[in-house]
Structure formats: structure tokens, C-alpha cells
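Asker: Chain order of the listed sequences is E and S.
When we follow my numbering, the leftmost residue of the first sequence carries the number 645, and every step to the right adds one.
When we follow my numbering, the leftmost residue of the second sequence carries the number 13, and every step to the right adds one.
Calculated from the structure, these hints are not laboratory results.
Do not take every clue at face value.
Stated by the list, open to error - For lysine-lysine, the following DSSO-like pairs were computed, each having C-alpha atoms within a straight-line distance of at most 30 Å:
| # | chain 1 | residue 1 | chain 2 | residue 2 |
| --- | --- | --- | --- | --- |
| 1 | E | Lys830 | E | Lys862 |
| 2 | S | Lys161 | E | Lys1228 |
| 3 | E | Lys649 | S | Lys76 |
| 4 | E | Lys903 | S | Lys193 |
| 5 | S | Lys106 | E | Lys969 |
| 6 | E | Lys856 | E | Lys940 |
| 7 | S | Lys20 | E | Lys903 |
| 8 | E | Lys1205 | S | Lys161 |
| 9 | S | Lys20 | E | Lys649 |
| 10 | E | Lys1169 | S | Lys106 |
| 11 | S | Lys106 | E | Lys791 |
| 12 | S | Lys76 | E | Lys969 |
| 13 | S | Lys191 | E | Lys1169 |
| 14 | S | Lys191 | E | Lys969 |
| 15 | S | Lys106 | E | Lys649 |
| 16 | S | Lys20 | E | Lys962 |
| 17 | S | Lys106 | E | Lys690 |
| 18 | S | Lys187 | E | Lys649 |
| 19 | E | Lys973 | S | Lys76 |
| 20 | E | Lys856 | E | Lys690 |
| 21 | S | Lys191 | E | Lys692 |
| 22 | S | Lys75 | E | Lys649 |
| 23 | S | Lys76 | E | Lys903 |
| 24 | S | Lys132 | E | Lys962 |
| 25 | E | Lys878 | S | Lys20 |
| 26 | S | Lys76 | E | Lys878 |
| 27 | S | Lys75 | E | Lys791 |
| 28 | S | Lys193 | E | Lys649 |
| 29 | S | Lys161 | E | Lys1169 |
| 30 | E | Lys913 | E | Lys774 |
| 31 | E | Lys878 | S | Lys75 |
| 32 | E | Lys903 | E | Lys969 |
To be verified - The following residues of chain E were derived to be distant from chain S, with all beta-carbon distances above 10 Å:
| # | residue |
| --- | --- |
| 33 | His758 |
| 34 | Leu821 |
| 35 | Asp863 |
| 36 | Thr1034 |
| 37 | Glu1053 |
| 38 | Ile1071 |
| 39 | Thr1072 |
| 40 | Asn1076 |
Positions of the beta carbon are idealized from the N, C-alpha and C atoms, including for glycine.
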Amino acid sequence: MSELKQDLLSGNDAYARGAWEAGVTVAAGYPGTPSTEILEALAAYKQKDLHCEWSPNEKVALEVGAGAALTGARVLVTMKHVGLNVAADPFMTLAYTGVVGGLVILVADDPGMHSSQNEQDTRHFARFGKVPILEPSDATEAKDMMKRGFEISEQFKTPVIVRSTTRVSHSRGLVDLVDRELPDTKIGFEKNPRQFVPVPAFARQMRVDLEKRLHQIKDFAETDSINRIEYNDKSLGIITSSTSYLYVKEVWPEASVLKLGMAYPFADKLFKEFSENVDNVLVIEELDDFYEEHIKALGIKCDGKNFVPNIGEFTQSKLAVIRAKYEGKEAPDLSPVAEATGLPMRPPTLCPGCPHRGMFTALRYFDCIVTGDIGCYALGVAPPLSRIDTILCMGGGFTMAHGMDRSPEPKKVVGILGDSTFFHSGITGLCNIAYNKGASIIIVLDNRTTAMTGHQDHPGTGTTLMGDPTACLSIEKIGEACGIKRIFSVDPRDIDDNVQLLKQEFEIDEPTLIVAKYPCVLNDKSVWEEAREIDEELCVSCGNCVSLGCPAIEYNGDIPKIEPLMCTGCSLCENVCELDLIHKQGEEK
Amino acid sequence: MSNTNSDKVTSVVLLGVGGQGILLASEIMARAAMHAGFDVKTNEVHGMAQRGGSVIAQVRYGKKVYSPLIAERTADVLASFEKVEAVRGAHYVKPGGLCVIANTQIIPTTVSSGLCDYPKDIDERLAKAFDNLSLIDAQQKAVELGNVKAANVVLMGGLSVGLDLPLEVWHEAVKTSVKPKFLELNLKAFEEGRAMTLASQSAGV
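With these hints in hand, go ahead and build the complete structure from the sequences.
Answerer: See below:
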């Protein structure tokens, strides 16, 4: 890795590369699309002086990062946008205490909600927490701004947010590679309660210092090349950032552009200078009117959200439509071809062989409410399973079940969580149910991995992010320690047994914990069996197997057929076939 | 070597269903362009959206590329791993752009559960939606070659017919993108796909 070279990297690989080159020695995070691959890529460097870990949740990760940064180490903490909500408690005070070694919090937003439950704009968090935030637009800038982030963090003794988005994280581009260089900082925690212990007497001074620091960073934002003006035709000046900058360069190649790399603190002088030098100002920012509101507050006349939507993700096509609207011209045609009318939708589904399908099928036998959670099992909401009734946030599957159960709601309630989610924020909910004398049935769909984000380890898998064997926490024993008495370990594929168990537990007025244990078939191919096939001659098309919603079972109104290339041999369809017409391929019938 | 000095940006759309190997295909495409000396950007879908749903990947290359995304009706070429998905994304390709489509139908769960139908006239729809269509048995060819997973590389071989990149850069890209033990299979898959599309094109003239 000594010579200067270039490679095609995703934004996430580029963030990891930037952190590696910047000499990061501690990295922590919790998986969440679109941020997940960063820590995986960083761990893959197998750098001896670099510790990478999956923390149980984002709050833990940020606290781990804060501790490490106070020793002088450079630290990266990664999460998706909603993860910062979980980490908000340490985040809001970390700006007060500040850091010693550089601390970058990589937060990946998901405009358009490709893989998320909301579309929150992390730039608000930067202002809320009084922390600078950088916004790279592509993989090249992802690496560069990651490195700048550490410099800025150390220069101003502040945590820095680097805000990614789905399109930055998952787009690839050419990135220059250089060597890893450790920063010239002394490692060793230096006792200083006035800086690191925000008891009220000290925190009040920290609060004053925080404002001073923010002003210094504002001066930096107004003078550093991280924010830049590209003067061109001065009849229109566009203020933009992140991927919107890329689309602006495609759609308005002739316009002058103020390209913001640091979204906060606001570079007021640049806003003023730019607006004085162009005839018209248009603010193009994805999601909220973060810049626009401030620019207007400065007394600068501009267009923005009166033309540009504050919902959803941008593309250059959307901006081309906005340009047409802005100029009063006819918009380009973005519509699908005529032949695409009436095509069947193809939403994401639980994979063939997914063990969650078994438990959802068992739950379909009951008129109960199922409070779900964040993970692959969220896909249990889709027909034909339709067995998730609510989702709110990580951990909410347990706690909302208890809330419903304690309300006058007459129906029985089942709360569902995954194994990684259990360690993330399920345990406190379980404590609450036992402590407050709940009676809901709580199911952990334990597929032995963090599946949705691409199979990351967690405290229940027995392996660390670095690939080392480690303690493997037992969900059942944790349940016991939380005060749950009725605990059952089951195989989610045993539909009949699980229906009987649920029936029994619905009648009992105390909490039940069911751990439905079977590996994600994408992660553990050792459980795969021969593909199943349907005896087409005898099949009466009753629909039992089709109602599993398995993508490997294709049914076009005639006789269902199992696609052998997709089938993992999970045997669920065999279990639900009342005529016993589904067998292993080639097996005697 | 191709002309890397022109300002022209070439856009490639790849369509299919999550799990069909589209990420690898887009990596090969992008690396071929990189080896030819171009600036490259790609975009792919990960996470929730990947689980068996409609998937689109986009690759753009040229002297300087800003956006990784492709505007409707501007893609130079299109490859689709599934027929319905091809029609769903047909509006990305510009008139006359080569469209290489695998002769594969994957029935979505929405059809299996009776919510909608897989169009019986899909082949007619393809013929109407694409004016430069190469429908190839990519999956069958990959099975013949010994691994159904190579269907994506068969398709990339077909796609290469519509792009002005030298064969060496494609070979180099396949080499850097697949595991060594699968290299020979994939190079063969690439050649077969290229031959199939060349044959279908000369048959169409």
C-alpha cells in the first residue's frame, strides 16, 4: 500500500479508507443501512493498531467512541440517521466536554426511505447539538471529508458529524489511495474535571466555551475551501450541497454554484457574498429547508422550497423538472413506457427459506395484535402473511406490546423483536414487562445474525467484528434474569407446535418469552436441504403453500410450482401441505 | 484505447430482482470503464430494498462524471435479468440503445398471492418497448457452462456489444471482480453472452 494509486470505491468503502488513512485506532458502530459497510470495510484492513467493534446499539458506540477520544486516539463512530436518536443522550453533552483525539460521527441519512422508517435530516441534529457537520457528495469527497473531519475535530476539540446519504454511501467512484499516517498526538488521558465532568458548576462554563468554539468554527466555514463558490453565468446562483450538487452540475451546467461542504455552522459571509454577486438565488437542498430558512433569516431573497420538494430523494431528472418549472418551460417526460402499464409490483419480501415465515404463519391462526420492530421481519407486514400490525422503532416491539396489553384493549398482544434488536434495545423492555406485571407474549425471532443489514455479528453470535471468538450471550438466560418465568425455545418451522404453544400462553396471565431459533439461510448455508417439489398430478391447488408468501413458490393461477434454483429446502411448505404432496426433489412419493 | 477525451458520458442501466447478482455485474461494468481510463460512477441498491424486490443499478463513465444516477430516456444501453423488470425500466434507455434482456421470468409473490398477474403478453411488450432488443437465454447458457450464477456475466457479455470498450478491459474487469476459481467460467460466460447478442443482432438486421 505504499505507492499512490486509485481504486473504484463505494462511498462507504471510501469513508473507511479515509478513517484508515487518518490513523483511526478505535471504531465502533451499530449496523444500519446505508451506513453498515463502513465498519466492515475498516475492520477488513486487519490493522493491528485498529480496534473495530459492533456495539449493541448506537448510544453504546458513541460512548465507547467518546471514552477513546478522551485518551487522544482518533475515533470513528458509525450509524444510520435514526441511530443518532438512540445516541442523542451522549451526543448532546459530548459537544460540551469536547474531545482530545479526533472524533468523527458518521451518520448516514436515507432520503427517499430506501431502507428506513423515517426521513429525518441529520443537519438539524448538528445545529441542535452545536456540532459541525460535513456533507460529502461522492466517494472522492467521502474519503477527503472523513480525513478533514478528524483535522477539524482536533483543531476545535469538538466531535464532528460527517453526514452521508444513501446515494453517497452506495455510489461508487474513483478514489486516490495514500498510506495510513498516525496523527502526531500524545495518547494518555489527562485528568481535567473542568473539561470532562459536566456537573452543573463546570457545565455552565462549558456552555459558554461551546458558543465561543462555535463562532471559531463559523469563521473557519467562511474561509476554508470546504465551502466553495464556482462562479459561472451570474444570472442564477445555486446554493447546494451533498449529491444535490452533482445533479445541479448536470442540470444547470452554466449556473454559478455555492457548494457547501460544511452545512453547519453556517458560512454567513459566503451566503452574503454569493447572493450579492448573482442576480437570482435558488437553494437546492434535499429534505428540509435547513439552509433556506437561515439564508432568508439573513435577509437574503431566494427561491427554494417554493420550487423544490422537501420530501423524498432528488435525482437529476427531478431537478430537470424543477428547472422547467422555475423557467416556466415544459417538463421532460419521466414517465414509464406505455407497455409498463399494469405490471405486477415486486416489493421486497422475506427470502425463500426465511425462518421468520414459520412464526408469522403460526401467528396467522390468532386474532391477536402483533407489535413488530425494525429488521427483516418488518417484511412480515406484507400480504399474504400480513402479521405485523405496528412498527415504531428499535425495541418498540416489546414495549408497545406491554402498553397495549395494559390498556383496555380486549385483544391479546404479541411483541416481536429480532436477536440483534433484542441486544440493541429489547432487554430494557423485557425488564419493564416483568417488573410491571405485564402479560404479553414476547417473541425473539433469533436468526443468529443482524440479517437485514447484511449479516453482522452481535453479542449473541459468539464472534466479534474482527472475527474473533467471544462470549455468546443467551437470550433465554437474560430473560430469566429479567424476571420472566415462562421461557420457551422453539424452532420457528414447527408451525403446529408453535400454534399450540401460543394458544396455551394466551390463556396465562403472565409474560411469556418465546425464543424462535433458526439461522438466517443466507448466512448459514449448512442448513440448506434439497429443493422441494410439488406432486403436480395430485395437487388440488388448495393454496396452503402459496399462503406462505415464499418467493420460491410460483403460482400463476394454475398449479403452484417450486422454483428449484430459489428453494433452500426449509420444509415449511411440506409442513403446511395437508395432502402431503410436497417432498424433496426426486424423492419417492 | 477508447476516446477518453470527448465530453460524452455513457450511461448503463442494469435491472433485475434482488439476489440475481446485479451488484457484481455493475462492478464488472464499472471496472471495465475504469481500466479504459474513464472517470466512473455507479449506483446500487442495498438493504431492505434488496430482499427479492425490483433492483436497479446504474453505471456512468466518461471524461468527467458528476451524477451516479441516469436520467430517463438517456441510457446508452440497458441490460435486464428479468423480463417484467426490463419493461418496468424501459423508459431509462434512449431510442435505439441496445437492450440485452435475459429470457427469464421470475414470478413475484404479489402474483403468487393473487394480487396481480404476470403479463401473458410479456414478449410482445418487450418487442414494443425496445427498438434494439437482444433477448438471450442467459440463465440457460450459464447452467450449460456449469453454474447458473454466471448468468449475470453472460448478460454483461451481451451488453459489451453495445459499448465502445476494448475487450481487454472487460477481461481485466472480470478478473478483478470474481474469485480466481470462477475466472475461467466467467470469461467463458462473457464470450458466450457476447456471441449470443452479436448473433441476435445480425439475425435482426
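Asker: Each of the hints needs a verdict: does it hold here or not?
Answerer: Okay, the hints, checked on the actual structure:
| no. | hint | result |
| --- | --- | --- |
| 1 | E:Lys830 to E:Lys862 | holds (27 Å) |
| 2 | S:Lys161 to E:Lys1228 | holds (22 Å) |
| 3 | E:Lys649 to S:Lys76 | holds (18 Å) |
| 4 | E:Lys903 to S:Lys193 | violated (46 Å) |
| 5 | S:Lys106 to E:Lys969 | holds (23 Å) |
| 6 | E:Lys856 to E:Lys940 | holds (24 Å) |
| 7 | S:Lys20 to E:Lys903 | holds (24 Å) |
| 8 | E:Lys1205 to S:Lys161 | holds (21 Å) |
| 9 | S:Lys20 to E:Lys649 | holds (25 Å) |
| 10 | E:Lys1169 to S:Lys106 | violated (42 Å) |
| 11 | S:Lys106 to E:Lys791 | violated (40 Å) |
| 12 | S:Lys76 to E:Lys969 | holds (28 Å) |
| 13 | S:Lys191 to E:Lys1169 | holds (19 Å) |
| 14 | S:Lys191 to E:Lys969 | violated (49 Å) |
| 15 | S:Lys106 to E:Lys649 | violated (35 Å) |
| 16 | S:Lys20 to E:Lys962 | holds (21 Å) |
| 17 | S:Lys106 to E:Lys690 | violated (45 Å) |
| 18 | S:Lys187 to E:Lys649 | holds (19 Å) |
| 19 | E:Lys973 to S:Lys76 | holds (28 Å) |
| 20 | E:Lys856 to E:Lys690 | violated (40 Å) |
| 21 | S:Lys191 to E:Lys692 | holds (26 Å) |
| 22 | S:Lys75 to E:Lys649 | holds (18 Å) |
| 23 | S:Lys76 to E:Lys903 | holds (18 Å) |
| 24 | S:Lys132 to E:Lys962 | violated (33 Å) |
| 25 | E:Lys878 to S:Lys20 | holds (26 Å) |
| 26 | S:Lys76 to E:Lys878 | holds (23 Å) |
| 27 | S:Lys75 to E:Lys791 | holds (26 Å) |
| 28 | S:Lys193 to E:Lys649 | holds (26 Å) |
| 29 | S:Lys161 to E:Lys1169 | holds (16 Å) |
| 30 | E:Lys913 to E:Lys774 | holds (19 Å) |
| 31 | E:Lys878 to S:Lys75 | holds (26 Å) |
| 32 | E:Lys903 to E:Lys969 | holds (22 Å) |
| 33 | His758 | violated (5 Å) |
| 34 | Leu821 | holds (13 Å) |
| 35 | Asp863 | holds (30 Å) |
| 36 | Thr1034 | holds (18 Å) |
| 37 | Glu1053 | holds (29 Å) |
| 38 | Ile1071 | holds (25 Å) |
| 39 | Thr1072 | holds (25 Å) |
| 40 | Asn1076 | holds (28 Å) |
Of the numbered hints stated above, those contradicted by the structure are hints 4, 10, 11, 14, 15, 17, 20, 24 and 33, listed in ascending order.
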